[in-house]
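Single-letter residue listing:
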Amino acid sequence: MNTIEELLKDAPKTPAQKYSAKDFQSDQDVRWCPGCGDYSILAQVQRVMPELNIMRHNMVFVSGIGCSSRFPYYMETYGFHSIHGRAPAIASGLKIARPDLQVWVATGDGDGLSIGGNHLIHMCRRNLDIKILLFNNQIYGLTKGQYSPTSEFGKVTKSTPYGSVDHPFNPLLVALGAEASFVARTLDRDPKHMQAVIKRAAEHKGTSFVEIYQNCNVFNDGAFFTWTEKDTKDDNVIFLENGKPMVFGKEKNKGIVLDGFTPKVVSLADGKHSMSDLMVHNERDTMLSFILARMSSFPDLPRPVGVVYSTERPLYEVEMSRQIQDSIKKQGEGNLEKLLNHGETWTIQ
Amino acid sequence: MNTIEELLKDAPKTPAQKYSAKDFQSDQDVRWCPGCGDYSILAQVQRVMPELNIMRHNMVFVSGIGCSSRFPYYMETYGFHSIHGRAPAIASGLKIARPDLQVWVATGDGDGLSIGGNHLIHMCRRNLDIKILLFNNQIYGLTKGQYSPTSEFGKVTKSTPYGSVDHPFNPLLVALGAEASFVARTLDRDPKHMQAVIKRAAEHKGTSFVEIYQNCNVFNDGAFFTWTEKDTKDDNVIFLENGKPMVFGKEKNKGIVLDGFTPKVVSLADGKHSMSDLMVHNERDTMLSFILARMSSFPDLPRPVGVVYSTERPLYEVEMSRQIQDSIKKQGEGNLEKLLNHGETWTIQ
Amino acid sequence: MAKDLKNLDDVTIRFAGDSGDGMQLTGMQFTSTTALLGNDLSTLPDYPAEIRAPAGTLFGVSGFQIHFGSTEINTPGDTCDVLVAMNPAALKVNLRSLRDGGIIIANRDGFNDKNLKLANYEKNPLEDDSLEKYQLHIVDITKLTHNTLESLGLSNKLVDRCKNFFALGMMYWMYTRPIEPTVKWIQDKFKKTPEIIEANTRVLKAGYAFGETTEIFASRYEVKPASLKPGRYRSITGNEAVAWGLIAASVKSGLDLFLGSYPITPASDILHELSKYKNFRVKTFQAEDEIAGITSAIGASYGGSIGVTTTSGPGMALKGEAMGLGVMLELPLVIVDVQRGGPSTGLPTKTEQADLLQAVYGRNSEAPIPVVAAITPADCFFAAFEAVRIAIKYMTPVILLSDGYLANGAEPWLIPDVNSLPDISPTFRTDPNGFYPYSRDEKTLSRPWAIPGTPGLEHRIGGLEKEHITGNVSYDPENHEFMVKMRQAKVDRIAEDIPLATVDGDTVGDLLVVGWGGTYGSIRTAVEAKRREGKSVSHLHLKYLNPFQKNLGEILYNFKQVLVPEINLGQLSKILRSKYLIPAVSLTKVQGLPFKSSEIENKIDELLSKA
Amino acid sequence: MAKDLKNLDDVTIRFAGDSGDGMQLTGMQFTSTTALLGNDLSTLPDYPAEIRAPAGTLFGVSGFQIHFGSTEINTPGDTCDVLVAMNPAALKVNLRSLRDGGIIIANRDGFNDKNLKLANYEKNPLEDDSLEKYQLHIVDITKLTHNTLESLGLSNKLVDRCKNFFALGMMYWMYTRPIEPTVKWIQDKFKKTPEIIEANTRVLKAGYAFGETTEIFASRYEVKPASLKPGRYRSITGNEAVAWGLIAASVKSGLDLFLGSYPITPASDILHELSKYKNFRVKTFQAEDEIAGITSAIGASYGGSIGVTTTSGPGMALKGEAMGLGVMLELPLVIVDVQRGGPSTGLPTKTEQADLLQAVYGRNSEAPIPVVAAITPADCFFAAFEAVRIAIKYMTPVILLSDGYLANGAEPWLIPDVNSLPDISPTFRTDPNGFYPYSRDEKTLSRPWAIPGTPGLEHRIGGLEKEHITGNVSYDPENHEFMVKMRQAKVDRIAEDIPLATVDGDTVGDLLVVGWGGTYGSIRTAVEAKRREGKSVSHLHLKYLNPFQKNLGEILYNFKQVLVPEINLGQLSKILRSKYLIPAVSLTKVQGLPFKSSEIENKIDELLSKA
Ligand SMILES: Cc1ncc(C[n+]2csc(CCOP(=O)(O)OP(=O)(O)O)c2C)c(N)n1
Ligand SMILES: Cc1ncc(C[n+]2csc(CCOP(=O)(O)OP(=O)(O)O)c2C)c(N)n1
Ligand code: SF4
Ligand code: SF4
Ligand SMILES: [Mg+2]
Ligand SMILES: [Mg+2]
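Residue numbers (this note's numbering), protein chains in the order written: chain R, 1 to 349; chain D, 1 to 349; chain Z, 1 to 611; chain W, 1 to 611.
Next up, chain R with everything else stripped away, as it sits in the complex:
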């Protein structure tokens, strides 16, 4: 048992009585623009936390820089508002040093995919047990409206008055390309869905990557309305459910079938297709996850939201701790005296 374990050995591990959302509200006044999608994300996270049955003092939210990265200030947990893009690296160091903590990363499409892209994919690859919430508003909010790596091609912004000429990242695809073990998408304007997804992410053992469509009503208002607003949502979103066929539409009268590897929308009304023809969701199917992720590249296809992929892989910090335990078993706790005197030495009388 090292000093830290010693120090914290009596600290409670689970709440005596269940927390309420309010217990996770810090004393800092929230400084996002009125109407910002970030408020909803904060609210949902605060609602989910009590469900996790983990002590606040064992939770840490790490962020970079951006409006989204202000998130930790508002959570009554440990919080770390770091520098731009580096949250995954800081969180990795923390998690490796302290596997006992539940570590979250709150980041944005700029923080997490522009300057921080490399740290993010390396964290996914290593599969540390850290949960990433990526607030995707397809814009740089805090710096007042430049396009981001997720902004659509041709987007007109402060830095692209003639329209951007960048092909955007597909965040899910980037995470899957880095072999993230949990990949999901949810919507700022669908509280229930977001809560469910965040809970799944929290429970997953490994790096959980959650893309959240977040409205920046000041610099990119309505970017996701097609998928978040009542009137258009049902016909443009597929709510993924493991083991269930992919149905959507106001009247649940449309579905997805595969033609070759390419998803296609079919009507369940025209008698030509039935439920049984539809693609069935399987969270553990790697290949399917790529197909689902790619759907967002096709405007005529609905957007899948929910848990796209989930699998188990060895956890970096667990393997590391195991190596340490093993070598302590084999060689005994390190002895400084021995270390300094081992190998070739000689004595001068």
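Don't read these hints as lab results, they were simulated from the structure.
Note that the Cβ used here is the ideal one computed from N, Cα and C, for glycine as well.
There could be a bad hint or two in this list.
Unchecked claim - So, partial list: chain W residues that the calculated Cβ filter (under 7 Å) puts toward chain Z:
(1) L325
(2) G362
(3) L581
Based on these hints, arrange chains D, Z and W with the ligands on the given structure of chain R.
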């Protein structure tokens, strides 16, 4: 026509007579370890260059740091041995400024996927017309043998005496996750195949990503022998050909079929399966490309080599130049006088 | 009734309200009208760090200060004479900057309970005597605006948005400025929405009339035109000036401008500005991070463009390694650092001068880079132009230091005659005979610029030590030492190619105040004031921080004392002490704010009284 | 035949050959045997930059130099007395370091036409008179090795590999060292391959016998034991010492050690070394880049570990922004910079001291960080330990400067008694009552270390300016200035907690030679020599570069002149001149090599003759 165009207007664009491989050998003595796979890559590139019918002075090789990144010194073209991981960013700036040049990036698994991972995926996303040769030896060579982001889990190296606990990147998958428009793999020990792949990469319009299995005989000898050595190669490698079924094996008696989305090896000998059952390669099929890329995660599946994926997308530098030409057409060549005096001004008598 | 008309040399007004109240717009309108009248002026906006802080909060207050006069104006003003406060938060945050006896114009309707609470006022300051020592004018701006627009039947939200024009109208009346320019501006600006034109114009006029007719304002002021150099003027901010200076250099040199940049406050506006000028062939590349920003610029320079990267402190810290590469490659490159409050993320929207040592020393090993600093918003134009000139002529990275105060501050600018700009004539190597990538020009010590695409010049460069002349990789000890000293000598030699330093005031005396960068205005104002009092004090302001001008030492030694005011803990003073071994005294202020000239004046008095 | 036995105070031998010739191993064997005899010694390996440069090439030469004696030995030796050259390239590259009249032992078989050509020798130097001024001994080392092993029927390749033991054997004979220790070493080392044990042992003995029996060597030498402090010794390199010093600090403090690092020459061996000690709970994280290296370490420190990151110049330049974060967060962190030749990629395998200014100033804004420098390979142990002590006690990042010369150089080290090490007692905040993240300890000014997992201390930290005490985000001007000065004051205060500077030699005099870091040995040797000549010169060597020791100024003012030798263009001297306004003279050498003490002696003479 700007100053540079003016300056170079009389420079020949195509060789009067065809170059030979020798024409691409610089006067620098090659300083790789005897037996290093890099020699073969250098030789194949020098053999392919003459085929491209492009003037040497219009070719630039940009690299980062690493044994592999020494590459530009040995090419009798323009060469830029930059700093660790930044070659894609430097090449991007060069290509945007000078679309007339053919720009190559020579990098390693550490240079390109560790410190340089972010630049690399952003370049793929933007789809600049730059060709990346990634020398994958699954080790840090120049720094004398630490594991790299492509080293296998559990690898024992100088920095991991107890074995690494990192899950490695799959380079093809990373490139595909970033939506690279051309993705291929080849082998240092198969000159003909490498030449063919490099030629394809050179001819592709867009970011070409080529992973080259390269043997580091000093620090990671034999990492790829299963796929490169005569006796094992045929039974462990599939040479992809567009439109052709996926057959392999010394006697071409094995093939790949899909079960669900998961590839499976079948025998063509046991009468149960015939050519017509086999998966057929289609370079333009995005979903297929992910399946092929993922095959390397399954030890019992053969490794696909060749062009895994190829598609066309708008080129960043071309779109940028178009915006410039358009606005010159619309507003006329910029006039400094006008600029300084436009908008609100006032005169003091 | 007739009101008496007082004459003033200079006036400072601060408009303050909610982010949503349009105070920036109001201030800018007042500024352009004032400029048209021929006053000299200086302005400073003061935004909240938050994008849209909730209405009424202290941290949501947005201000705009303008200092104008019939005399030379060098700063936005230490304290203001008039404070327009649209709500309690605005009053609370800005009262400290109002001089005793100054005028407060408060929008009564803004001082409701909710807002008072948000600004944590126990009682309404308009109703107790806490503001006694000021001339308090309480006006129902919101109500009056609504009355004015009743008939138009606009939404309350829209009407509220017009109230800043009422305030502006009052100020126009109070300082006898015409409303026409703003009326005209409203007309173009809102072309598409006639009802808005109508509304804003009416409210503007109402505000003006209100001043005219009501009793509250006893007197009215006039500020005569300043005796400015005749010519055509415009108002320009530091960030605009940097962008235009770079474009000017591109035009003059005939080279395309390439900007590789990652957005960061307060530098982003340079990227925004440059991205507008595609017909100047400006290529702006919004990179994935600061490292890609600078390295892409290096790639572009290698290809024959003017490679530029723009950033602020934290981004600057990320570019160090690539700057070192630039030093080794000896390619032109301009690195613009718009300094902000630090360390780390610090105070992103506040100004500071604390990146000087980073600019001069912040790289591994001996990697000398010339450093140029702009001294006023408009000077950013010339500083940027000069940075490019040096970069190209000496084949070297050059760092241009600006700061948040210069970047957002504005001043009238006598538009230069394009032909008067020095020309920049890059020469590209084309002759393969006797070409060596690291041969050098005897005069400048710079190496040839040999760009890809040039037949017969195929060669290889990189970050490993270069052999003199050939540029081959070399680990030879003597060659390394030679090259290290050569790179240093090349930078030192630039001192031969820049104007000598000149002193404002006598060249010999008791005290020399040495400043650099954005403190020019406050120091000049302070020194002028003291000289008028007959004090033996002069002012030297440095634009060249590396190398220093040749005659700097000589000048320093001519004064009994040297004072170095800086918005940091004394960085220039460290360098001066080290190089010239003089006991320079440093005056520091690290509050994210420019110096008040009074602060400098006090220090001057202190030093001179001691002597 | 009997040969005469000469007695020597000290000897320097350089073994040189192809990378493949096993010169490092040979040198190390000679070293440990010599250590066992009780000589004082110092060694320096000299590898090629290439991994496996082609055989016979000039850039493929690998060397190992050992300086040993019966007197105090502080450097690997300016010049060598004996050069063992296995091939022409080795001769050509190393001849410059052989003193006139020195001994050359050349392996004739290595001087074949191919190798002569590769080393671009026109004619065979062994056959013309170009080596006249040396004592040349030509030995058929390869042939003799083959003869010795004929009977074993090993492959030629294997036999060739043994020839270095022949050379070693000769040297053992020549300097009267026993072969037994090496025989024993061979036996453990090649346990698994008896035939190799047999072969190497035979060849070693053959070499020894060859010296004994042949005519060529007229004389033989003895070097008596040095009067070293009694106790148990080991040989240690700087990189090993850093790693062990960190582990010692971890053991003493009871905190786990976390290393976040990205490999880079010459720092990688610290990562390699630390990754071995998992049973000390050391966690080594090979990060994706240097930025992840330092930021992961910050994350670990936040969690209550000793966060450490190791790198060299180019990586250091990438860490600047994160160091600033460390300054703002006020968390313990150790940043180890093993300096190498620059700028940019520079000379990766060569040594330099040119990151001092980067260490002190290389970050945005005012971001003071304590800087400690190791002065000998073994001192790296104590320097690393001290860095951790300061980091934890003052809750601050600390930079530890080493260099390529210290990192790879080795010296005998009197193994310290573990209990004699100062203890490090971190205190973690646990009491929620009155807890404020930025409250401060009056004595150290450090803030509480409140780690996640502690009930009731949930709080938020970050890179934005902090409000004093509460640690809330604050843009308040006065608070910012207060905190900027507080962070500076905290670092300055460390001067109260470090030993006073002490001078080698008189504390008053004509000349003080001030050095820092890896130049200790050469300066000490030079100053000792001059003092023996009765010159009034003393030596002060700094381990603390920021803050300086309290009595430094006082010491400096006691000398008429101050000389500052550095492996850079005068970086410490810049700081000393600035802080103490003394006309320090700097002696610089930037060749990727340590100073020769003679170079320093000459400068001392020059300055004293002037005076
Ligand atoms: C090193 C560094 N570079 C740039 C910045 C400026 N910056 C702050 S936030 C940001 C982008 C934020 O975008 P995103 O992550 O999408 O967050 P959002 O504000 O949209 O929630 C940038 C470029 C910085 N603070 N630090
Ligand atoms: C900024 C920086 N960090 C680290 C290094 C040290 N370094 C040089 S090459 C290299 C890794 C090279 O690996 P890879 O790209 O796979 O090239 P290889 O040598 O294997 O061909 C590292 C870590 C460096 N030169 N610069
Ligand atoms: S700028 Fe956009 S993202 Fe940022 S707080 Fe405002 S609305 Fe939200
Ligand atoms: S170390 Fe490996 S990769 Fe590098 S040159 Fe040698 S063999 Fe090739
Ligand atoms: Mg965003
Ligand atoms: Mg490699």
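Hints, verified against the model:
| no. | hint | verdict |
| --- | --- | --- |
| 1 | L325 | holds, 5 Å |
| 2 | G362 | holds, 4 Å |
| 3 | L581 | holds, 5 Å |
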